[in-house]
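*Asks:* Given next are the chains, with one letter for each unit.
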Amino acid sequence: EDQVTQSPEALRLQEGESSSLNCSYTVSGLRGLFWYRQDPGKGPEFLFTLYSAGEEKEKERLKATLTKKESFLHITAPKPEDSATYLCAVQAFSGGYNKLIFGAGTRLAVHP
Amino acid sequence: EAGVTQFPSHSVIEKGQTVTLRCDPISGHDNLYWYRRVMGKEIKFLLHFVKESKQDESGMPNNRFLAERTGGTYSTLKVQPAELEDSGVYFCASSQVGRGTDTQYFGPGTRLTVL
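Respectively, the protein sequence lines represent chains A and B.
Under the working numbering, the first residue of the first sequence is numbered 1, with each subsequent residue one higher.
Under the working numbering, the first residue of the second sequence is numbered 1001, with each subsequent residue one higher.
Take these hints with a grain of salt, some might be off.
[To be verified] Derived lysine-lysine pairs resembling DSS-like cross-links, with alpha carbons at most 30 Å apart:
1) B:K1041 with A:K79
2) B:K1041 with A:K63
3) A:K68 with B:K1044
4) B:K1044 with A:K63
5) B:K1044 with A:K69
6) A:K59 with B:K1078
[Said to hold, decoys possible] Counterexamples of contact, computed for chain B against chain A with all Cβ distances above 10 Å:
7) A1002
8) E1014
9) T1018
10) M1039
11) I1043
12) L1066
13) T1070
14) G1072
15) E1083
16) L1084
17) S1087
18) S1095
Worth flagging that the hints you see were computed from the coordinates, not collected in a lab.
Where is the CB? At the ideal position from N, CA and C, for every residue including glycine.
Turn these sequences into a full structure, and let the hints steer you where they fit.
*Replies:* Below, the structure is given as structure tokens:
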């Protein structure tokens, strides 16, 4: 069964303290891995798509990487406005079409 | 360009009543998805439309849920009759039809509370 596990569940950082979020996945065939950011009361906001092991994508203070078993979202020198829940999701070749399989998310709090 | 919109933002109903949620996708997006997050759980897929056709209904929990997409534009998700366990946040997402993996853009969600 296709599965996505994110860790840690919650992370508290001081402003400027870099860290990484983990997304481990088990799928029969990976079509793509997605990172989203979700603020309270809002829908998931797209950040990155990664397709193959070794791929990296960057956006401002965020950098996403992908291996055959997991993805990391690295946050460099975070600011309070980076506080949000970060969601990882995968699309698999099996199980039908384009549905996303989500992890439970990591709640990030960045304090000044 | 307008994003995915959903209506209402919040609905409170009693057990046994009917509720209809609406989703307007990004203009030009033929793929439309419904997802749901119940309390304490991850977001889970419900179904997928390509234009007006249901492509994948594998996530629909039971026959109390009916989704439609008339004319391949907006979509509705009706819950009839609603049960307590239907409470949660219902998200709609849309994407363009294309080759390879698509990027799904989400709406703000409808928070459904069944009392």
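*Asks:* Please list, smallest to largest, the hint numbers that this structure does not respect.
*Replies:* Numbers 6, 11 and 18 - these are the hints that the structure violates, sorted from lowest upward.
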